[in-house]
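Peer 1: Each chain, written out:
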Amino acid sequence: MNLKKIVVIGAGTMGSGIAQWFTQQKCSVELVDNSDEQLSRALKSIHISWDKLLEKKKLSLEEITEMKESLSIKKLDIVSKDADLVIEAIIENLEIKKDLFNKLDQYFNSHTILSSNTSSFPIELMAAAVSSERRKRFVGLHFFNPATIMKLVEVIRPKDADEQLCHDLYQWFDSKDKRPALCKDSPGFIVNRVARNFYGEPLRIVESDNESKMKEVDHILREVGGFKMGPFELMDLIGIDVNYSVTCSVWEAYQREPRFAPHALQKQMVEEKRLGRKAKRGFYKYD
Amino acid sequence: MTNFSFDNILLNFGFGTKEEKKNILRENPSKKIFMDLTCYDPSEFYSEFPHLKGSFAALFCDELKKIEIHFIEQDQTVLSKLIELGFTPIETSIVSCGFIFPRTIVQIINEAYFALEEGVAKKEDINRAMKFGVNYPKGPFEWSDGREIYVLTLLQELYSKTKDKRYRPSRLLDPTLSSF
Chain F
1 MNLKKIVVIG
11 AGTMGSGIAQ
21 WFTQQKCSVE
31 LVDNSDEQLS
41 RALKSIHISW
51 DKLLEKKKLS
61 LEEITEMKES
71 LSIKKLDIVS
81 KDADLVIEAI
91 IENLEIKKDL
101 FNKLDQYFNS
111 HTILSSNTSS
121 FPIELMAAAV
131 SSERRKRFVG
141 LHFFNPATIM
151 KLVEVIRPKD
161 ADEQLCHDLY
171 QWFDSKDKRP
181 ALCKDSPGFI
191 VNRVARNFYG
201 EPLRIVESDN
211 ESKMKEVDHI
221 LREVGGFKMG
231 PFELMDLIGI
241 DVNYSVTCSV
251 WEAYQREPRF
261 APHALQKQMV
271 EEKRLGRKAK
281 RGFYKYD
Chain G
288 MTNFSFDNIL
298 LNFGFGTKEE
308 KKNILRENPS
318 KKIFMDLTCY
328 DPSEFYSEFP
338 HLKGSFAALF
348 CDELKKIEIH
358 FIEQDQTVLS
368 KLIELGFTPI
378 ETSIVSCGFI
388 FPRTIVQIIN
398 EAYFALEEGV
408 AKKEDINRAM
418 KFGVNYPKGP
428 FEWSDGREIY
438 VLTLLQELYS
448 KTKDKRYRPS
458 RLLDPTLSSF
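Keeping their order, the protein sequence lines are chains F and G. Here our numbering is used: position 147 in the first sequence is 147, and no number is missing along the way. Here our numbering is used: position 105 in the second sequence is 392, and no number is missing along the way.
With the rest of the complex left out, here is chain F:
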């Protein structure tokens, strides 16, 4: 497999990070969004990031110039129809995504691989919006934020996707600056499922809203477990609302399996708007 032409749809944090990463792999990348303002902001931010790498002498002027030439911003109706890979990274709304994929299926050449960076929806629900032929070339590619730094890409294979294609994608990412993990199309894929208890179990250890116990749990999991951050400080960083929403989504997707049940304190904190660092109040106070 040789991925040369990439289209990334959605110029938010994830989309622009993905576009930047692919450009750094010497791909020709077209970044697409409905909003001109969003596109300009994303491009400026990527250029600033590259200029910083130049200042730090991590990349040469020639490399930076080449990358800037390889990344363009466009509206959807003028992107290259012969792209090798399209990655959708728009708002997490299933109906909007299905509508988009239906249009993409008709727009792009038959060899183009369509993919979604969703963390919330089964890939099959989106693949249902495209032709049966395209479904063989429809996969999930779940990147992690920031996409230029985090090594993991979950390569998600829905039931109709071609097995060899998924294997080739895995190999391609493996040959680049990524550590891919191949997985089935199931709720939370790997990370958002297996990581749930890093939050859920400590909440059950402390049980109540007790800051000194939370500090102690964070300390032990950093010191003894070797985690970079403890669960309570990490939930505050992620956002209590965001973490609670992912927990509820996985719990519902697994028919309210007790292993994924949210803790009452999470719900209470969302209702009280104690949303973590961004609200200056979460499990801890930030003044």
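Hints listed in this document are in silico derivations from the structure and should not be mistaken for laboratory results. Be aware that one or more of the hints could be misleading.
What the hints assert, rightly or not - Heads up, simulated BS3-like pairs for lysine-lysine below, C-alpha to C-alpha not over 30 Å straight-line: (1) F:Lys228 to G:Lys353; (2) F:Lys213 to F:Lys159; (3) G:Lys409 to F:Lys176; (4) F:Lys56 to G:Lys418; (5) F:Lys26 to G:Lys448; (6) F:Lys151 to G:Lys305; (7) F:Lys228 to G:Lys318; (8) G:Lys410 to F:Lys176; (9) G:Lys319 to F:Lys213; (10) G:Lys448 to G:Lys318; (11) F:Lys184 to G:Lys319; (12) G:Lys410 to F:Lys58; (13) G:Lys425 to F:Lys176; (14) F:Lys215 to G:Lys353; (15) G:Lys452 to F:Lys213; (16) F:Lys215 to G:Lys448; (17) G:Lys418 to F:Lys178; (18) F:Lys228 to F:Lys280; (19) F:Lys81 to F:Lys52; (20) F:Lys213 to G:Lys410; (21) F:Lys215 to G:Lys452; (22) G:Lys418 to F:Lys278; (23) F:Lys285 to F:Lys178; (24) F:Lys136 to G:Lys410; (25) G:Lys305 to G:Lys425; (26) F:Lys136 to F:Lys213; (27) F:Lys151 to G:Lys409; (28) G:Lys368 to F:Lys228; (29) G:Lys418 to F:Lys151; (30) G:Lys418 to F:Lys267; (31) G:Lys353 to F:Lys213.
Assemble the complex: chain F is given as a structure, and chain G must be docked to it using the hints.
Peer 2: Then chain G, alone, in the frame of chain F:
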């Protein structure tokens, strides 16, 4: 299990059944005992055996040998002995079944086994995903390697204490699901 005796103190290391652990306490009534209770609830032992003066969790420690330790009566000679044996004891005031790190890690390991049981991904992919997606220092199967019996025992103990089905083990850890 391994015991170290010095002065009037007995340090008990290693895995054993709950009864085996309690027998050591019964057989040494005149000693101050500090015991590895990774898979059990220290509060149950403390209430039954007043000469148990502290407990620790060493069964999941890695090459850095950092362990959680809880004291009823803090004892500097015990801390010194643990350091002499190569451990880095980190004190906790929280008394919880399975302590903090083992209790959290067995739940992560159990979920990884469920994902494996359901064919979501291979072991290597699950390990890689957790290390490179959320920066875990090890993959779940690297933590559990050779320690599956400790994982299962702690899950069974947590279920026995709480009756909460969140502690039901994957069939790959307990094919009979004997406790459930």
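Peer 1: Which hint numbers doesn't this structure obey?
Peer 2: 2, 5, 6, 7, 11, 12, 19, 20, 23, 26
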